[in-house]
Amino acid sequence: MIFNYSGRHHVDSIPGAAAVHIRDLRVVYDANQGDALKCTQLDIPAGMRAALIGPNGAGKSTLLKTLAGLQPYTTGTVTIYGRPVRACHHRVAYLPQRGEIDWRFPVTVRRFVMTGRYVHLGWFRNPQPYDDALVEQTLLRLGLGGVADRRISDLSGGQQQRALLARAIVQEAELLLLDEPFNNVDPETRLLICTILDELQQLGRTAIVATHNLARLTQDFDLIISLQAGAIVGQQIAALYQPATVEETYE
Amino acid sequence: MNELWQWLVTPFAYQFMQNALLASLLIAATCGIIGCYVVLRRLAFIGDALAHTALPGVVIAYMNGWSLVGGALAAGIMTALGIGWMARKSTLREDTAIGIIFTAMFALGILLMSRLQSFRDLTHILFGNILGVRTQELWLMTAVALIVLIVLVLFHKELELTSYDSTHAEVIGIQSNPLRTILLLLLAFTVVTCIQVVGVVLTSALLVTPAAAASLITSDLRRMMVVAALIGAGSAFVGLLLSYYFAVSTGAAIVLTCTAVFGVVALINWGRQR
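In order, the protein sequence lines correspond to chains R and L. For what it's worth, this note's numbering labels the leading residue of the first sequence as 1, then goes sequentially. For what it's worth, this note's numbering labels the leading residue of the second sequence as 1001, then goes sequentially.
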């Protein structure tokens, strides 16, 4: 017997639907200010690795939070695999910026990663052997085997980022939303994250990654979406990507 | 050896000392456990506020001849729900809003007290009256301890997660606000019974000090709760003995024993890190 957190049961995705489908979306934080995010049209097909680029305050985090169901939106339609946002919590994993977590809390790395399984456990149920095995395997895959029993406060920046990714992986979500996973990480961790995104793509998963780091964009992603001042100013297939756009974005 | 045993046992030949021992062990342990959340979620100020707002509840109950514990409990529950509501609605910072309301409630309690002729019964509320615990109250304390323990065990993984990463909790469908309200209600129950032992003024010490000492010893929340409960209960026992033999205030003796334990742990911890 499983008591789901949202009180709703697993809703199947609509076959053939895009991973993300947005029409006429408007997000407003404060009525006196303008739109925090405005998006007339965005479609991200399932199985894509999409990069969100743009300067600070361009709306990258707001877009990810809207897709994660953390940010209420004013008007428009947002569907994920054909279903409304938050219709199924199992389907979406969100990797927050590191600052959103209290890293001083007394919890081990293993237990922290296990929280990615909670959505499958629901109320009153403790991790089962399958959950333990999956967490163990993911910790090893991300090179965190040696620090599994350490406190999360003992981790380096790169290790924290890998722990966050490990948690998103064990959730076994179809759509991964990663907010600045390359921030302050060593080159090794960056490479590892990209390799894992590649592996997840082989499994048919979709990833949307907000990033400042513009190196290797065309190799590591399939789709590049540029934002500026709360609006999408460009969507390009990575193979056809024009570097000039990057300079425009950062002017 | 035999003399030491006599020294430890003699005070508890009296019924009132037995009641006092049971009550203080029970309450100090409960305070230690829920105190871990108070320390980790930075709720110390709220714990203090809950203790202080109990005063007008007790005075009003006293004036009308109702149960004093019942009055404190009602005031505590109202405060817990009020704080939860304020956290969501207020434009003021939460600690400012609490500061305004809890000092006002406390002042109201003192005002009502000063209108009464008999002041004596109510000084117990301020400074605790562990030696006057009756068997009936002991049952209530046991019930509170059990409720707190059962709820904390049932919701452990969600309370733990929302304490350090409410964003992830929300993404997977756990709402932080109701959980926080549950925690504040448990805190209100604990504080109200704790007032009996050490009084309004010292209640937050039993919530914070044992848990703070435990946080220096272990890195796992569940173990921290066990250690804090042991420190709390141990200090209650030692404090009670000290107050018996040196004829000093029980509440103060218990709190200072907790502080001494914390001091020792902090010193060892500091020595290890050097």
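Simulated from the structure, these hints should not be mistaken for laboratory data. Note that this is a predicted model, so its numbers are computed, not measured. Yeah, the Cβ is synthetic: ideal placement off N, Cα and C, and Gly gets one too. Check before you lean on any hint, since a few could be wrong.
To be verified - In silico negatives: residues of chain R with every beta carbon more than 10 angstroms from chain L:
1) Pro96
2) Glu100
3) Arg111
4) Leu121
Claimed, not checked - Output of the computed footprint for chain R on chain L, the stretches with three or more beta carbons under 8 angstroms from beta carbons of chain R:
5) 1070–1082
6) 1154–1161
7) 1218–1225
Going down the list of hints, with the structure as the test:
| no. | hint | in the structure |
| --- | --- | --- |
| 1 | Pro96 | violated (5 angstroms) |
| 2 | Glu100 | violated (5 angstroms) |
| 3 | Arg111 | violated (8 angstroms) |
| 4 | Leu121 | violated (8 angstroms) |
| 5 | 1070–1082 | violated (count 0) |
| 6 | 1154–1161 | holds (count 6) |
| 7 | 1218–1225 | holds (count 5) |
Violated hints, in rising order: 1, 2, 3, 4, 5; the structure is consistent with all others.
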